[in-house]
Each structure stands twice: as C-alpha cells, then as structure tokens.
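Novice: With the hints as extra help, turn the sequences into a complete structure.
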Amino acid sequence: MGPLYHLGRYALLIKRAFKKPDRQKVFWRRVLNEIDKLGVSSLGIVLIISVFVGAVVALQAAFNMESPWIPDYAVGLTTRQSIILEFSPTIISVILAGKVGSSISSEIGSMRISEQIDAMEIMGVNPASLLVAPKVLAAMLINPFLITLSMAVGIFGGWLGALASGALTGEMYVFGIKSFFHLYDIFYALFKTVIFAFIITSVSSYYGYFVKGGSIEVGHASTRAVVSSSILIIFANLILTQLMLT
Amino acid sequence: MIKAENISKSFQGTNVLNDVSATFKKGQNNLIIGQSGSGKTVMMKCIVGLLEVDKGNIFYDDRNFNKMSFKQRKELRREIGMLFQGGALFDSMNVEENVMFPLTMFTKWTYKERQDRVNFCLERVNLNNVNHLYPDELSGGMQKRVAIARAISMNPKYLFCDEPNSGLDPRTSVMIDELIDELTRDFEMTTIINTHDMNSVLSMGDQIIFINKGEIAWKGNKDEILTTNNKTINDFVYVTEMAKRLKG
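In order, the protein sequence lines correspond to chains A and B.
Heads up, the first sequence is in the numbering used here, so the first residue is 384 and it goes up one at a time.
Heads up, the second sequence is in the numbering used here, so the first residue is 654 and it goes up one at a time.
To be clear, the hints were calculated from the coordinates, so they are not data collected in a lab.
Do not take every clue at face value.
Cut-off 25 Å, straight-line C-alpha distance, at most; resulting in silico cross-link-like pairs (PhoX-like, lysine-lysine) [to be verified]:
(1) B:727 <-> A:403
(2) A:408 <-> B:765
(3) A:402 <-> B:727
(4) B:698 <-> A:595
(5) B:875 <-> A:402
Which residues of chain A face chain B? A partial, calculated answer using Cβ under 7 Å [stated by the list, open to error]:
(6) 496
(7) 499
(8) 502
(9) 506
(10) 507
As the structure is a prediction and not an experimental result, all values here were calculated from the model.
Ideal Cβ positions, reconstructed from N, Cα and C, are used throughout, including at glycine.
Specialist: Take a look at the structure:
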C-alpha cells in the first residue's frame, strides 16, 4: 500500500468523521470526556517536563553567553523565545504524540478488532463521527491551554534555573522576559499547537481505525501512529515556521 | 424476508463466494453452516453490508440493498440487530448504557422510557440486576445475552447472529439457542445464524444452507439434514466420533 493509498483513505476517514453527528448531545458529551482524557490527564507530564526544560534552557543560556558584549538580560530573553517559539508548541506536542497518540490508536484499534466498530456500523451509527471527531476536536480545544501553561511554567522554571546558577539576578531575568516581546509569537505558537493537535489525534485515529488482525497488530498500529505523527509534526513545524516567521 | 441473488465476492483474485442465491424467511431461524473458511462469515457480512458484493443483489423485503444511498442504508440498519461472535459490547459502557446505546442515538425517548425498554430487553434475556456491571465483570454467556438484549432493543425486523455459541459451554449454548429461537418467533424476525455447532443446527434449523468452497452445496432443514445422501454434507455432519456412533 503506497502513501497515496493511505492519504486517500485518511482523507475519506476525516471527511466521514466530520459529517453531521447522529446525535449532537452525545457528540458534545464525548468531546467533554475526551478533553478530560486527552488534556487534563496530560497536565502532570506537561508541567513537570516544562519546568525542568525551562530551568535547563536558562542554565545553558547563562553558561554559554558569558561575554561582556552580551547583556545579562539576554538569558531571560533567550529562554522566553526558546520556550514560546519551539519548546512548548513543538517538543511538548511530540511528547503528547507519544502519550496521547498511542492511547488513541490502541483504544480505537482494540474496538476495531473486538468488532465494536462493526457493531456501531450495523446499528447505523457513524463510528468515525462518534470516535474520531470528538478526539480531534477535544485536542484542538484543550492543547492550546496545555501549551500556554507549559510556556508559563517553562519560563518560571527558567527563572528558578537562572537564580540557581547565580549568573544573573531575578530582576534581570524578568527584564529579559519582558524585552522585545511580540504578541505575534504567542499567536504563532498557539496556531502551531492547534495544527499539531489535529495531526496527533487524526493520524493516531487513522492507524487505530484500520487495524486488521489481533493484539499484535494493535501494538504495531500504535507504534506507527506515534512515529508517523511525530515525523509529521516536525515536518509541519518546518513549513509553518517558513510560512509564518519569514 | 431477505433474499440474496447471485452474489459473488472475491479477495485479491480468490473467489470466496461464487454466485450464491438464497432466501431467508420471516419468523424462522435461517442457518448458514459450513467449515471454517467456507465463506459463511463473508456471506453474512455481505448481506449485512459490512462488505460490498462484487456481483449480485441483496433484497430486504423487496428493497434492493445494493441500490440504496448511504442515507437509505443507514435508515435500514435501524431495522437490523446483530449478535457478534465475541459479543462486541462497548467496554467503556456498563450493561445499561450498552443496551441503551441505540435508543439514545436514534429515539427521542426520555431517559425513563429508555430505561424501561432496557429493563424489558434484559428481562427477555433473563438478566436481572446487572445494569451497572461492565462487560469485563460478566461471564461469556452473560455477555452474549447482553449483546442479544442490545440487538433487540430497537425491535428489529432482521436479526443476524455470527457464531452465537462460540466459546460457550454446552448448557449455556443451548440456553442461547433457545433464547434466539424464542425471540425470532415472538418478534416475527427474519433471523440468520452463522454456525458450525451441530446441536444448534439440529435444534433450530428451520432452514439450513450448507456452504462449501464459496458455493451452496446443500439446502434443507433440521430433519432433512439427518436423512440426506449428499456426501459433502454428511462428511461435515458426521465428522465427530459421537455423531458417527449415533448414526450407527
């Protein structure tokens, strides 16, 4: 099966997923459940990684920019830009592709091999609309909040790191954080986040939805989902950066 | 009544069903039997629309399924109930939610009305006080009964059962057979059962179709199957030691 076959089948699945839901009330209830499952349950890992990476970025910046030509506040500025532009939207999304993507793919894949999806089909329910669309929509809604929190916590971690290093004062770090700030950077980061959320959930759903075989194939599908969505995120990041920042 | 007319299906050049025609009557247990890999599951999946036929037509009471639009098929499917081999219960939902699922999706009934219907269906399959249990808390036989309750919740005209006895002990198998038989007659459904359980064949087979290598090799009923001289069906029926001894 070539890439065009997968692309076509993926497009058809997404088209089917976003058809008018059979029952609006059930659909939106599922969206809320998915927000809890995909977003709220990822909060812990996102916050822990963000605070430590923020601290490390600040430490790296402080130790690599020891020059009389570079002002101290550049540590804050560098940390902020690294976290807002790349770390939070891209790296956290890749981490979520691993956590959320494998869970989506194995959940839908298990439903496929245990004929639960066929059961929905026989009842006249659109399984793609009931299983795929709420996950995609939920991630596109909740991930921007997760990433915004990640940014805030990452910058806070940077402050802790900067203080711990003793290379600059807290006031200087905060001054760096406030310097040359463009609101557009936040918009750019959140826009990327929404696109990445779509990639993670739709690609993982695709691999789960079309599983054939047994539990070993569900495992393979889960691995393929994580690998494919991670690569697609990195690729989409390149294109979006080229389009939006140049 | 369901009619399959000259249906054929192949996978990657291999013919699985070859020009098969059959009529499945209302209010009767219509059994499709055959060895594993004979094409009976493919036939059921073609009839129910989970697989598209390469050739031929399927009629649901003179409505040509193959010529229906997506929307018309969706409407028709509300008249279909299906019992899957493994039950196919939604494992994120408890028993009540599973049986209520089609009602929630397709009726505008109040919660109370839906709950009454769920309780009625569960009572019909002899299950009480299991509403809040999850599928993994039920035995195989109970899961099958919940699946039957879900299949009949929308009061279907057509009931499909794919290997209803697989994985069940003989006593539970008989109970499931009796239940399907009773529901078929009480609700006047057209029931199609896919099985290779000879006990089911002999107890429920109002009409039996024997599929061999993708073709209908024999047609008859539960009495005729014991007296036929057809070698292919005899080789299938009398393969076990017990059956050979009974035949004498």
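Novice: Are there hints from earlier that the structure breaks, and if so, what are their numbers?
Specialist: Violated hints: 5, 6; rest satisfied.
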